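Got chain Y; can you put chain B on it based on the hints?
2 protein chains.
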Amino acid sequence: MSDIVDAAKRLLVGRPMRSESLGHTLLPKRIALPVFASDALSSVAYAPDEILLTLSLAGIAALAFSPWVGLVVVVVLLIVVASYRQNVHAYPSGGGDYEVATTNLGPSAGIGVASALLVDYVLTVAVSISSAAQYASAAIPGLRGHEALAAVIAVVLLTLVNLRGVKESGTAFAIPTYCYMAIIGALIVTGAFRFFSGTLPQAQSAEFELSAEAAFDQGLVGIAGAFLLARAFASGCAALTGVEAISNGVPAFRKPKSRNAATTLLLLGTISATMIMSILLLAQATGVQFAEDPHSQLTLNGEPVSDHYVQIPVIGQLAEAVFSGFPPAFYAVSAVTGLILVLAANTAFNGFPVLGSILGRDGYLPRQLHTRGDRLAFSNGIITLAVAAIVLIVVFDAEVTRLIQLYIVGVFVSFTLSQLGMLRHWTRELRTEPNPAVRSRYKRSRLVNGVGFGLTGIVLIIVLLTKFTHGAWITLLAMGVLFVLMRGIRKHYDRVSQELALDDVSAARALPSRVHAVVLVSKVHKPTMRALAYARAARPNELEAVSVGVDREDVERLTAEWEALDLPVPLRILDSPFREITRPVVKYVRSVHRESPRDLVIVYIPEYVVGHWWEQLLHNQSALRLKGSLLFTPGVVVASVPWQLASTRGQTGLEGDTFLRGRRM
Amino acid sequence: MSDIVDAAKRLLVGRPMRSESLGHTLLPKRIALPVFASDALSSVAYAPDEILLTLSLAGIAALAFSPWVGLVVVVVLLIVVASYRQNVHAYPSGGGDYEVATTNLGPSAGIGVASALLVDYVLTVAVSISSAAQYASAAIPGLRGHEALAAVIAVVLLTLVNLRGVKESGTAFAIPTYCYMAIIGALIVTGAFRFFSGTLPQAQSAEFELSAEAAFDQGLVGIAGAFLLARAFASGCAALTGVEAISNGVPAFRKPKSRNAATTLLLLGTISATMIMSILLLAQATGVQFAEDPHSQLTLNGEPVSDHYVQIPVIGQLAEAVFSGFPPAFYAVSAVTGLILVLAANTAFNGFPVLGSILGRDGYLPRQLHTRGDRLAFSNGIITLAVAAIVLIVVFDAEVTRLIQLYIVGVFVSFTLSQLGMLRHWTRELRTEPNPAVRSRYKRSRLVNGVGFGLTGIVLIIVLLTKFTHGAWITLLAMGVLFVLMRGIRKHYDRVSQELALDDVSAARALPSRVHAVVLVSKVHKPTMRALAYARAARPNELEAVSVGVDREDVERLTAEWEALDLPVPLRILDSPFREITRPVVKYVRSVHRESPRDLVIVYIPEYVVGHWWEQLLHNQSALRLKGSLLFTPGVVVASVPWQLASTRGQTGLEGDTFLRGRRM
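First to last, the protein sequences are chains Y and B. The UniProt record's numbering puts the first sequence at residues 1 to 665. The UniProt record's numbering puts the second sequence at residues 1 to 665.
Bound-form chain Y, shown alone (with noise of 0.2 Å):
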């Protein structure tokens, strides 16, 4: 059985890796920017899309905003990109923000921004997928209404992947990112040469009337047309988001790791932006229409569209409209989109673990986390992710406007904290550095983190003022429930750790004055044998065997043996009116303690091992129960004398270490 899952184990995950080559999955400037890059790059799938969308709500004149919405994106995203270049540089060991702030605003900014960058890190896989899955249903009708299914099973599949380790999918990542850039590219200068040439025909939704929701038939004015512009802003912003994970990722980059890591920063930063302000003045160029709900906005010749029209993401209209005439191209750039917003939730699972290793090594979340599993990655962290955005998936249905208002919250938090935190390091730096040079350098990057965190704060403002009912209070919400539970778990650690604590060393040395030891004896058998054999081997200064009177005939019969085998062993009979075998040994034990609390009592357990998982339901588990029992039980050591049956033959203990608690009497 154990075999089995061993096996399959191996294939779904890979072999185990040593130690020492964790240095070879450092990844190239030329395999880290798909990696980590593909989350800001693939949001170009979505935020303009959510721009048009919430736009479109005050009718089509609304529409022709687009394009200064996306500017004003594309500057906020341009200085937090340059705003991050110098947090890399300053600190280069993959806390990222959550180091940043812990460093320089103290431990409570330090989690808040850690429980805001997980929350995201699962939204980040929740969008990203379920985007990726509109794609897919866009281009493959029979998918329609199975999205959220799809995207289910993408994410378990990005889990076995990830699970393998982070190399081989950084390898596996590059090609589709590259094809991304080039196909995303060749549709942006297409575009514009036909737009130039005259020749760029409209887009298939063109054709429709779009009528503005009620509340804005007066199209975008007054307090609630700028509240809407806010909101179509705060739903760009999720372009944004993907830039905090290349800080978090710096570990794994190539040496030298910050300057690598800060060049695929600006590289991404320019890309993204370009995409961006392309996608939305073509999109105003070919007429693109994008409803929020177009069964009620949208009308063709004064008719409502039928119940079967699907909204096909920007892109995809882009794509269709651009190349015209050569219908494999929207084809190959949905497919090709979907698989970049794959690869941006396999952002996540890269930063996810990451995080959560280093808030276990702080004890902020359970200890486990920051044990690798045997492919190097953080398994835990990875499984932990998947589970969380599978539930937000179904939740949500895999809708992705519904989806994105509970994005974006909390990668805004983490970036004003953090920048609130670099300005306070330049500060301190500055305290302390002589040369002028330095000096002025790092008043330069004082300046630029000044104006991030100033910006940041600004946009946080906006988005949560503006996503607040929609849905970010589900965030903030997780976000406290994180931050409590992370503190609870650090003081436990702390408590525990401080009873643990080593304070007076010569009492460490003192030890137990006499030992006594008891062995329990159900039947004479060899397990019995062995387990008293052990015990007389270790020269106790008093040993008894002890057994537990249940039927009086067995007693009877256990006496008479074991008087026939002439040991230099008493056996003393406990009573047990309840029939229990657990409650008078804890009892004997206990007394034995009380007479005299200076002896050490080692009581011996004859145990027998089983070699299949079957074969344990045939055993009683009183032997499990007692232990556990009688470690509750102060100066006892409860030592267990194994016998291993033949049906153990050949086996170590080692094949299956997760059914092990299983397997043993």
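Source of the hints: derived by calculation from the structure; they are not laboratory data. Just so we're clear, the structure is a prediction, and the values are computed from it rather than from any experiment. Among these hints, one or two may not hold up.
Repeated chains share a single entry, so a pair holds when one copy, or any two copies, can fit it.
[To be verified] Capping the alpha-carbon separation at 27 Å, the derived lysine-lysine pairs in BS3-like fashion look like this:
no., residue 1, residue 2
1, Lys255, Lys29
2, Lys443, Lys257
3, Lys29, Lys523
4, Lys255, Lys526
5, Lys526, Lys257
6, Lys523, Lys491
7, Lys491, Lys526
8, Lys29, Lys587
Chain B in isolation, oriented as in the chain Y frame:
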């Protein structure tokens, strides 16, 4: 947490009982009759229905045969009762048919009978509770369509009652059983009076036209007709179950156990036979129409009955007719009949765990089934029965007519084998008995059992022929699986017991020559120091501390701290290229054992014991995995040295036994 579970357990199943009070749970006849006879008596609630329903397939004329079919059933019932009175006298120990078959026909026949009975106990619960749900939904229209859910809830409640112990259920169940007998008696007497006085009204369903199925448009003629009669008889034989429950329950009777059991048996046979015949005759007198599929078979003035028509069970229809003008009587009959059916299921809850416990004692089922729970009831068996019955109820959607096809095959297998065993028993006894008075008594008994064997054998063949394709194959399959399983379990126990048997007493005296102690160290803290002090107190020949080197910094710190302690114990660091803990330790211990196989290796593992289940989640389970793996290594003792954290204060480890395994690090 465990406190709450414990309190809830006490509330639901009561306080634990001492062994001595076991005697007080014995039943006087007036309590034993309702406890053990309710199965047979309650079958009156569905056995006549099934006879009518089967005959209805051949149309209205066939219903006239119902009293004759009932008469044959009653004759078989009385002969089986006479036969079992012999069993109860000859084998009073409660092994019942299983014991009779094992003793006289060998272990294979014994476990054949046992598997038949186990399956039938499950079916008794499923059929009785489903029928009860049918009565309930006839009286409470709101229940219609939710019969399966109601049945499952009833099984769960019964399980809780039975986990409290047999005595209390006996007292609690006596009153409704006597009520049932009284009310059915009143029904019969009133019905007979009104019939002879010519004032008996027709039943509600008498107004319908009953049409035969296509295959029987000629009525009950030819082979098909004979077969249908046989099928009706086979279904009616459901009235015979419960007889064997008494023979398995003899030890629960007051002394003289056998005589009291035999008297109870005769009493119930007589009452049961009277009820069946009376009900079938009254059904005929009131013109009750009872169809297998009322919506296709029943018509009113040429129109099919409405979709809302619900067929009320025969006893309900009789109550409506006989007590016409007094509607409460219908509800009283339905309520009491539903209750008696629940009590019938309780018979199985009395019989199944006793049989399971005997099979556990004999090594045919897991030995845990032989362990009494703390309410003197065989908790494990009760829970197994409940789970199996719930599965059947859910799968067959609580439909009595479908479940009844699976029923009674098992009972007649055990009837037949048991009577054959009794034949052998008397023949063997006669071989050695010289006293002519006793001999003639034995011969009479042998004749009774001989007739019983012939008759039950014939009935078994009829049941198999008429029910096999209707569902009896499922029962046979389940019996076959149980048979093979029980044989396999016994083989396993035999093999283990042979392997563990003390074949060479002198070998048991040989002691390991030297003791090599290994203390596992992860950090220098109190638990480690305690483990070390205990290991030193045991004065091994060799003692070393061992740590696994996963992280270089940790190793350096540990080594420095160890040297600072200046202990007379060397520290050995094991290399761990794959960052594992278990494998290097197991490999090292194996190498120590390989070097000096006659030495004993004691591995001391410091563990900390936490007080709350959630604390468990925050601590690595590496100690548990390590212990599991070490147990596969020969010549090793695994000694757990517990350190009780402050959160365990006031806990004894005995509060919530089942949670213990999850509460250790």
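Consistency of the hints with the structure:
Taking CA atoms no more than 27 Å apart as the test, lysine 255 paired with lysine 29 passes inside one copy only; the shortest distance there is 10 Å, against 90 Å between copies. Taking the closest pair of Cα atoms, lysine 443 and lysine 257 come within 27 Å of each other only inside a single copy of the chain (23 Å); across copies the shortest separation is 100 Å, beyond that limit. In this assembly of identical chains, lysine 29 and lysine 523 lie within 27 Å of each other by CA distance neither inside one copy nor across copies; the values are 68 Å within and 40 Å between. When the C-alpha separation of lysine 255 and lysine 526 is checked against a cutoff of 27 Å, the pair qualifies neither within a copy, at 61 Å, nor between copies, at 42 Å.
Within a single copy, lysine 526 and lysine 257 get their C-alpha atoms no closer than 62 Å, and across copies no closer than 41 Å, so neither meets the 27 Å cut-off. Taking the shortest Cα distances, lysine 523 and lysine 491 sit within 27 Å of each other only across copies (20 Å), while inside one copy they are farther apart (47 Å). In the homo-oligomer, the alpha carbons of lysine 491 and lysine 526 lie at most 27 Å apart only across protomers (19 Å), although the nearest pairing inside one protomer, at 48 Å, exceeds that limit. Neither within a single protomer nor between protomers do lysine 29 and lysine 587 lie at most 27 Å apart by alpha-carbon distance, with minima of 66 Å and 41 Å respectively.
Comparing the model with each earlier hint shows violations of hints 3, 4, 5 and 8; every other hint is respected.
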